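Novice: Using the sequences plus the hints, can you model the full thing?
Number of protein chains: 2
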Amino acid sequence: MQNEPVTTLFQQEELNTKERILDAAIDLISRKGFDAMSIREIAREVGIRESSIYNHFKSKDEILDTIIDYFIMELSRSDLGEMPMDALLAQYGPEGFMNMGGRAYLESINRPRVIKIWRIISIEIYRNDKVRKFFKTTMVETPVKVWEQTFRRMMDLGYIVECDTRVLAQEFFYYLVYLLFDYFVISFNDTTYCTFTEKMSDDMSGHIKFIFDKISVKKVQ
Amino acid sequence: MQNEPVTTLFQQEELNTKERILDAAIDLISRKGFDAMSIREIAREVGIRESSIYNHFKSKDEILDTIIDYFIMELSRSDLGEMPMDALLAQYGPEGFMNMGGRAYLESINRPRVIKIWRIISIEIYRNDKVRKFFKTTMVETPVKVWEQTFRRMMDLGYIVECDTRVLAQEFFYYLVYLLFDYFVISFNDTTYCTFTEKMSDDMSGHIKFIFDKISVKKVQ
DNA sequence: GTCTATAAGTGGATAGAC
DNA sequence: GTCTATCCACTTATAGAC
Numbered sequence: 135m136q137n138e139p140v141t142t143l144f145q146q147e148e149l150n151t152k153e154r155i156l157d158a159a160i161d162l163i164s165r166k167g168f169d170a171m172s173i174r175e176i177a178r179e180v181g182i183r184e185s186s187i188y189n190h191f192k193s194k195d196e197i198l199d200t201i202i203d204y205f206i207m208e209l210s211r212s213d214l215g216e217m218p219m220d221a222l223l224a225q226y227g228p229e230g231f232m233n234m235g236g237r238a239y240l241e242s243i244n245r246p247r248v249i250k251i252w253r254i255i256s257i258e259i260y261r262n263d264k265v266r267k268f269f270k271t272t273m274v275e276t277p278v279k280v281w282e283q284t285f286r287r288m289m290d291l292g293y294i295v296e297c298d299t300r301v302l303a304q305e306f307f308y309y310l311v312y313l314l315f316d317y318f319v320i321s322f323n324d325t326t327y328c329t330f331t332e333k334m335s336d337d338m339s340g341h342i343k344f345i346f347d348k349i350s351v352k353k354v355q
Numbered sequence: 135m136q137n138e139p140v141t142t143l144f145q146q147e148e149l150n151t152k153e154r155i156l157d158a159a160i161d162l163i164s165r166k167g168f169d170a171m172s173i174r175e176i177a178r179e180v181g182i183r184e185s186s187i188y189n190h191f192k193s194k195d196e197i198l199d200t201i202i203d204y205f206i207m208e209l210s211r212s213d214l215g216e217m218p219m220d221a222l223l224a225q226y227g228p229e230g231f232m233n234m235g236g237r238a239y240l241e242s243i244n245r246p247r248v249i250k251i252w253r254i255i256s257i258e259i260y261r262n263d264k265v266r267k268f269f270k271t272t273m274v275e276t277p278v279k280v281w282e283q284t285f286r287r288m289m290d291l292g293y294i295v296e297c298d299t300r301v302l303a304q305e306f307f308y309y310l311v312y313l314l315f316d317y318f319v320i321s322f323n324d325t326t327y328c329t330f331t332e333k334m335s336d337d338m339s340g341h342i343k344f345i346f347d348k349i350s351v352k353k354v355q
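Chain order of the listed sequences is A and B. 135 is the number of the first residue of the first sequence in my numbering; add one for each residue after it. 135 is the number of the first residue of the second sequence in my numbering; add one for each residue after it.
Keep in mind the hints are simulated off the structure, nothing from the lab. Remember, predicted model here, so these are calculated numbers, not experimental data. A portion of the hints provided could be inaccurate.
A pair counts as met if it fits within one copy or between any two copies, since identical chains are not told apart.
Keeping only pairs whose Cα atoms sit at most 30 Å apart, straight-line, the calculated DSS-like set for lysine-lysine is [said to hold, decoys possible]:
1. Lys152 with Lys267
2. Lys166 with Lys194
3. Lys267 with Lys348
4. Lys333 with Lys267
Specialist: Structure representation (structure tokens):
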């Protein structure tokens, strides 16, 4: 099992013990939760003794911290950041822009190297305050603010009707957070990872159509 | 702490040991999660020895099962069930009806005897399959179906414009599930229990206004 | 129904040989 | 860096006195 030619999670060039420990930990925690997983299980999976793990990590907690730090770093790396909003709006229109934003959101989750960590985040969010704050700030509050500005711009450019941009941003984005919650918790089972994109993609399309149909400027004319 | 004149959770008439065990367990699990809580802690809180607990419950798991069963029973008891929909619609109008439904939803959560168990449900949903299935079916799928029928009826009676009632029900209700998730997980902290109604009530009002503004029949005439 | 005592196991973590 | 050996705190759970 540990002999398969896998691209390692943390460094491409070498499949060293530290990385194999992290891979095993990610798999175990994503399936059982951090509390229920033990150092012994990791050691068994990797094929070394428990004590050897302490050559790579000071404590059990440090393993989880490393995973979470990696995840946070990996996610902030894919930050859409400075998109040429006006140009994209002119090219694809407001609905197309929303679809692109939603699609980018889905794709940032559905990456093989981090999808198991998403499950870990969903599990540990209630217990680990660093996870909770990261999620609250980076995965909810910041995107809502960004979408609020985006809708404000759309409004200024006459693409959408006048309305409360804050409420609009929440209506748009909270649904996406719900989809995440549904996927990784409510409807989660072991085969979930396969059927990711299709269902969420459909739900999101219906959602965007619903929202856009409401704010579209064509409707009132 | 265990001497306060508290109304017990499971039977009003007597404050016996079994109920005190359940009270302590609910408090501990809601703060730490089931895995991290131990029988010893319950015993310490109640003021008895660990072994005595096994006179009331066969195992640690049975304590959680009892709490969850109580919760499920308590919630199905408050099922709105057969409401005289047409009469209420005529009296309060579609927006008033939605507000009543949303308000009833909030109030069913914000009851002192079950609010800590809501936190337990939020924590254990990833680990306990009974909890997960209950939530998925009773707290998401069934309400969405009920609201779908409700919107269908509103449409037939000419209160709202023609649209996809399934999408509409999801747009309306998923937001409420998100509010739950936000309250009990994302934004949760120890003082959370106090500020429950106001924030969620505001968010819900904005949400209902947004949805209703879209589907209101007045707009297109 | 509660107690003492204890079983029987698991957990994280360390010391020191190699 | 990995191994053997071990520590010890803590866990759920049971047996049997009172």
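Novice: Under a CA distance limit of 30 Å, which applies to lysine 152 and lysine 267: within one copy, between copies, both, or neither?
Specialist: Within one copy only: 27 Å inside a chain, 37 Å across chains, cut-off 30 Å.
Novice: Have a look at lysine 333 and lysine 267 and pick one of within, between, both or neither, based on CA distance no larger than 30 Å.
Specialist: Classified as both: same-chain Cα gap 28 Å, cross-chain 19 Å, threshold 30 Å.
Novice: Is the C-alpha distance from lysine 166 to lysine 194 at most 30 Å within one copy, between copies, in both cases, or in neither?
Specialist: Both: 15 Å inside a copy, 18 Å across copies.
Novice: Go through the copies and call it for lysine 267 and lysine 348: within, between, both or neither, with a Cα cutoff of 30 Å.
Specialist: neither (33 Å within a copy, 34 Å between copies)
Comparing the model with each earlier hint shows a violation of hint 3 alone; every other hint is respected.
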